[in-house]
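Using the numbering used here, the first residue of the sequence shown is number 164, and each one after it goes up by one.
None of these hints come from the bench; they were simulated from the model.
Hints are not guaranteed to be accurate.
[Stated by the list, open to error] Calculated lysine-lysine pairs in the BS3-like style (CA-CA distance at most 30 Å, straight line): (1) Lys345 / Lys268; (2) Lys227 / Lys381; (3) Lys209 / Lys345; (4) Lys345 / Lys300; (5) Lys336 / Lys227; (6) Lys209 / Lys387; (7) Lys300 / Lys227; (8) Lys336 / Lys300.
[What the hints assert, rightly or not] Label pairs and their in silico Cβ distance ranges: (9) Arg299 / Arg275: 20 to 26 Å; (10) Asn372 / Gln169: 31 to 37 Å; (11) Ile426 / Asp283: 22 to 28 Å; (12) Phe330 / Arg299: 40 to 46 Å; (13) Ala234 / Lys345: 22 to 28 Å; (14) Val322 / Tyr425: 21 to 27 Å; (15) Gly368 / Met164: 22 to 28 Å; (16) Glu216 / Lys387: 25 to 31 Å; (17) Ala246 / Gly424: 40 to 46 Å; (18) Lys387 / Glu341: 45 to 51 Å; (19) Gly368 / Gly436: 41 to 47 Å; (20) Glu386 / Glu316: 17 to 23 Å; (21) Gln169 / Glu316: 40 to 46 Å.
Even for Gly, the Cβ is constructed at its ideal location relative to N, Cα and C.
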Amino acid sequence: MDLQLQGKTAVITGGSGGIGHGLVLEFAREGLNVVSASRDAATGEKLAAEAAEQGLPGRVLAVKTDVTDRASVNAMVARANAAFGPVDVLVNNAGGVAHPSDFDKLDEDARRWEIALNVDGVVNCCQAVAEDMLSRKTGSVINISSNSSLLGEAAANVVHYGGVKGFVNSFSKGLAWEWAGKGVRVNNICPGWIVPHEADDVGAGSFWNRFGFDTMGKPADMEKALQEGTLYNMSGLPIPRLGRPEDIAWLALFLASERSGYITGQLISVSGGAYMP
């Protein structure tokens with residue numbers, strides 16, 4: 164299926180993480196020009212170089228961005244406009260857990276960090292691209308939430324994170340309703356465990372490098388544990404394989420395209436069947 168996205172402009176936040184890595188490369192592979200917006204400039208530049216080395220038809224521009232700072236987000240959108248023109252697609256992928264913790268022991272700094280990144284970051288980016296999209300009566304916003312907002316067991320030791328991602332779910336639905344008649348669609352993807360292909364696909368700030376690999380093992384170790392039926396929280400998946408970054412990217416591309424032009428306000432879990440509403 165030709166998604167007819169060639170030459171469109173996409174902003175993807177959180178490009179230095181595992182899901183972000185897949186989003187940026189697959190969007191560029193489809194022919195979109197991509198602004199990879201992340202606090203990790205070095206990983207962003209590495210990703211842009213990887214896209215160029217692969218000869219992908221879309222160009223990747225890495226822009227150092229703190230999504231919790233509205234001025235930083237505005238500057239990033241201005242860079243996108245100068246390089247590629249108006250923003251057609253926004254993927255709010257930046258997000259994360261400060262650190263795992265029993266809820267009664269969660270510290271205030273971690274709580275505020277999660278609110279700033281997962282709530283304020285999404286709001287800042289949606290407002291920053293509003294003029295580009297609403298003025299032209301076209302655009303697609305794709306918010307990346309989490310199965311932690313849908314399943315109690317998926318929020319084990321990250322209860323507050325599941326709660327702030329619940330905001331993303333409700334916010335997406337409300338904004339979809341408000342913007343539908345103005346030509347802009349808003350949809351929501353809730354990933355389960357999505358594992359990078361290689362450990363060096365993710366930057367230092369990714370949760371994988373902060374605590375994920377220590378908890379779950381490196382990607383090859385996780386694949387082995389899954390096959391042995393011992394992988395934490397994943398060995399009982401109806402679809403018995405690891406989720407990968409491109410699993411999120413392929414759905415996001417469909418939602419970005421006019422092939423999904425009659426779809427808005429929807430929440431879709433990409434988790435091997437872990438969540439079935």
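Structure-based check of all given hints:
no. : hint                        : verdict
1   : Lys345 / Lys268             : violated, 44 Å
2   : Lys227 / Lys381             : holds, 27 Å
3   : Lys209 / Lys345             : violated, 37 Å
4   : Lys345 / Lys300             : holds, 5 Å
5   : Lys336 / Lys227             : holds, 29 Å
6   : Lys209 / Lys387             : holds, 28 Å
7   : Lys300 / Lys227             : holds, 28 Å
8   : Lys336 / Lys300             : holds, 18 Å
9   : Arg299 / Arg275: 20 to 26 Å : violated, 36 Å
10  : Asn372 / Gln169: 31 to 37 Å : holds, 34 Å
11  : Ile426 / Asp283: 22 to 28 Å : holds, 27 Å
12  : Phe330 / Arg299: 40 to 46 Å : violated, 28 Å
13  : Ala234 / Lys345: 22 to 28 Å : holds, 26 Å
14  : Val322 / Tyr425: 21 to 27 Å : violated, 36 Å
15  : Gly368 / Met164: 22 to 28 Å : violated, 35 Å
16  : Glu216 / Lys387: 25 to 31 Å : holds, 30 Å
17  : Ala246 / Gly424: 40 to 46 Å : violated, 26 Å
18  : Lys387 / Glu341: 45 to 51 Å : holds, 47 Å
19  : Gly368 / Gly436: 41 to 47 Å : violated, 30 Å
20  : Glu386 / Glu316: 17 to 23 Å : holds, 22 Å
21  : Gln169 / Glu316: 40 to 46 Å : holds, 41 Å
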